[in-house]
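Enquirer: Take a look at the letters that make up each chain.
Protein chains: 2
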Amino acid sequence: MKHNNSIVNDVDKYISGHALDIIREFSGFLSIPNHASSTEDIKRNAVFIKEMFETRGVEIEISELPAAAPFIYGEYKVPDAKRTIFLYAHYDGQPANPSQWNSDPWKPVIRTNTIENGGEVRSLPERGEDIDPDWRIYARSASDDKAPFTAITAALDFIHENNLPITSNLKFIFEGEEEIGSPHLSEYLRLHKDKLQADMLAICDGPVHQSGQPQLYFGARGYAGLDITVYGPNRHLHSGHYGNWAPNPSLLLIHLLASMKDPGGNITIEGFHDEINPLNEEELKIIEQYPDTSDILKKEFGIAQPEGDQNLVERLLLPSCNIRGFNGGAVGKHVQNIIPSSATASIDIRLVKKMDPSRTLDRVEEHIRGQGFHIVREDPDTETRRHHSRIAKIVRHEGYPAVRTKMDSPEAMFIIRAAEQAAGETVALLPTMGASLPLYQFDEVLNVPIVGLPIANYDNNQHGPDENIRIGNLWYGVKLFTALFIGK
Amino acid sequence: MKHNNSIVNDVDKYISGHALDIIREFSGFLSIPNHASSTEDIKRNAVFIKEMFETRGVEIEISELPAAAPFIYGEYKVPDAKRTIFLYAHYDGQPANPSQWNSDPWKPVIRTNTIENGGEVRSLPERGEDIDPDWRIYARSASDDKAPFTAITAALDFIHENNLPITSNLKFIFEGEEEIGSPHLSEYLRLHKDKLQADMLAICDGPVHQSGQPQLYFGARGYAGLDITVYGPNRHLHSGHYGNWAPNPSLLLIHLLASMKDPGGNITIEGFHDEINPLNEEELKIIEQYPDTSDILKKEFGIAQPEGDQNLVERLLLPSCNIRGFNGGAVGKHVQNIIPSSATASIDIRLVKKMDPSRTLDRVEEHIRGQGFHIVREDPDTETRRHHSRIAKIVRHEGYPAVRTKMDSPEAMFIIRAAEQAAGETVALLPTMGASLPLYQFDEVLNVPIVGLPIANYDNNQHGPDENIRIGNLWYGVKLFTALFIGK
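Chains A and B, in that order, give the protein sequences. Going letter by letter, the first sequence gives residues 748 to 1235 in the numbering used here. Going letter by letter, the second sequence gives residues 748 to 1235 in the numbering used here.
Isolated chain A (complex conformation) (with noise of 0.2 Å):
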């Protein structure tokens, strides 16, 4: 179904003219480092944004909570709305390895298309020369999360340039440590529980439709993690020496994990499914109409076989267990002939509705236990180690549950409208994300309908190395903020 919609065709224009503007001011944003961990590139972040928003006319105020990046809040109050409309967005982004990358992931580039598909680094084009929809910038944040930010400001001097009307009041809450598990947001919501209180909340973060599709979504996985360490000698012994005679603790880990996951990807660990409920006919309704694009991922990532034997969307109904890092030694220039002293898997697990964060860790615990491993909090002492042969130190993340809003609130259908308004067609509905994100905390203070409103293209590298942004779907963001502001 395509809609036709004038103030669609207006924000093209306006778009046209104004490109070069846009890319700069976002240029400047994506050249701010910004992993958590430095407080000082957060708080220069945080200064651009404020910067950023009160020139469009955004009260902002930003909260200093102890040891925490700054929360941003923003407030735009109209006479008469109709309702508010609360925005959250995060500035941060995960550390970038710059020798990964090819080119450096705090001086934002253009290309021509993706690496992959021999996209060439390009300078930005003349004033009046167009801009190809399917032209990248390469920066680390340019889709997680910093792309709403640009998208937001260009759709407010958009309705200021044309003196349209804001229907809505809009409040905004810009977190800037999203990325290493939003430690503070809820305190954070707590405190700020009366001034927050709004009609429906729009989580402004993750990628659209593998199918370059706009899509909304009503949910996330939840998330927990745990970090295993299991010993071998106390210090690194030569495998020569001591090789056939000193345990290796690469070789007892791999078994450890092997029998938590088996090679087809089905998770063995007792109970890890237990609280999970057969999706309903709703459910599987959606699920049907979701364009399912397994046959086209599978072709773009090279993989011959994915894990289970369903689709993606069913797939991401399901809890995972990933392991995220493995490292036991060095390999390749820094290899040594060593048994290492120790080795260390770090386990990502998605959670789905009802999952329990910390009783699933309970359980992973157990199965480690029940595979013969004494399980520690610290590094065990060489008198420990003489008396276990295994051992396993584990460091829990406790993360947080599985958030899914309904679909059919009359404002859940507000946004689904707006988002078609600026799409120009059927946008996908999609339950759950597959990815995590801080819902829970929102939904425990606010209590409202919590949709997402993604933007980014869904090959936009998030998390690794070249991420990067789609042009086009930052202009889709222009069109769907709009729409969302002038929305009846």
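Among the hints, a few may not be true.
The list treats identical chains as one, so a pair stands whether inside a single copy or across any two.
[As the list claims (entries may be wrong)] Calculated cross-link-like contacts (lysine to aspartate or glutamate; reagent style EDC-like; alpha-carbon spacing at most 20 Å): (1) 1046 with 1130; (2) 797 with 811; (3) 1080 with 787; (4) 1080 with 974; (5) 1045 with 1130; (6) 1046 with 1128; (7) 760 with 873; (8) 940 with 1191; (9) 1101 with 1191; (10) 1046 with 1126; (11) 1080 with 788; (12) 1045 with 1128; (13) 942 with 808; (14) 1045 with 1126.
By construction, these hints were calculated from the structure, which means they are not laboratory data.
Given the coordinates of chain A, work out where chain B should sit on it, guided by the hints.
Expert: Using the frame of chain A, we list chain B on its own:
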């Protein structure tokens, strides 16, 4: 059995008077970085060694093969020589990552004991002050393998100062790329075969017995290795958006490795042990006499349960298959919520006599193929990934076979006598070292008895961080080479 020997007492006295000079020269030598990948560093070592030996009357000839580290040949001819002894040592070292060391690997420091035993850094003693033989010198290659250079030159100084007669012609070969697998040693030996002829070869490398008792060894395990890289999606994927659907290469790799060796350390690759002969009666007798320190080592290294049911020396007469490195996504500070694009394990295999390196690697490959993996030699393109759910890139390190020499030849007996004289007690006789040395290259060209004369303490952290030598072991080396050079 304690030997009484006035020469050894004289050497002790000599060391008392000259310890400072010996340690100072040694420290200068240790201050020169020596990883074979740095041509410039390696050349600086060669210049230092040339000077060091020419000062003692050894004629030095440096051979530069194309792209090889310099081979340093030394000759010390005497009238009426009873025999010719050929001595080998290497001057290159393993890579060292300073961030893992307690002191700079290239700035030698004296400690009053091992770091584990609370040894503290101290300054050089005043002249005349006693030097505790339990003090350590910490630096890369302090044991492996720069110690013999200093022990030999100090022995020559003692002999010269006392006008003692050297009874054998001495030939030396010093190699600068042992730690990277001696890629040019065979070529050098073949080219210079005629001038290298000798009655026996003394390999000056490796550690003494774990009890501290001096030992000789009569062979070394061979070596082969392989790097296995297993593939997931063609780029890192976000573990939330794709976790539970995109296959994780670490998961595939751990299952593959788990199929190669059980948690108890038993290698389960078909045919791996096919060429190994059972031990003969003589070997069994030697093993029985050999001091078993498995219990001491278990205590020392904090090991509750070694691999296999036998003691260490028995285990070294069997091949090993060790996961020396495993890397699949980062852990710790650099952890990312991704499904990595690939995971790599580096395996080193220690071979025993009769095992062919290449055939052994073939068997490992056959096993990997049997686990359903499509084997490639280069990183696969997306098209290849689309067609094979399990792909393993295998990089073979062909290595070399094991060597073992007879322990009752006159040449072997001559060396045993010299070692007993230096030690003042019975020395332990080890049929084979666990570690690999390029003895086969000598064996092929020279065909003479090969005996290993180690001087380093066993807890020298060879190849790892905080490598060190116990000063008393350096003094044993001086006595050993003195006894060898003036032995009847």
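Enquirer: Next step is simple, just say for each hint if it's right about the structure.
Expert: How the hints compare with the structure:
no.	hint	verdict
1	1046 with 1130	between (53 Å within a copy, 8 Å between copies)
2	797 with 811	within (14 Å within a copy, 66 Å between copies)
3	1080 with 787	between (34 Å within a copy, 18 Å between copies)
4	1080 with 974	between (25 Å within a copy, 12 Å between copies)
5	1045 with 1130	between (50 Å within a copy, 11 Å between copies)
6	1046 with 1128	between (49 Å within a copy, 12 Å between copies)
7	760 with 873	within (17 Å within a copy, 85 Å between copies)
8	940 with 1191	within (11 Å within a copy, 82 Å between copies)
9	1101 with 1191	within (14 Å within a copy, 69 Å between copies)
10	1046 with 1126	between (44 Å within a copy, 17 Å between copies)
11	1080 with 788	between (32 Å within a copy, 17 Å between copies)
12	1045 with 1128	between (47 Å within a copy, 14 Å between copies)
13	942 with 808	within (12 Å within a copy, 85 Å between copies)
14	1045 with 1126	between (41 Å within a copy, 18 Å between copies)
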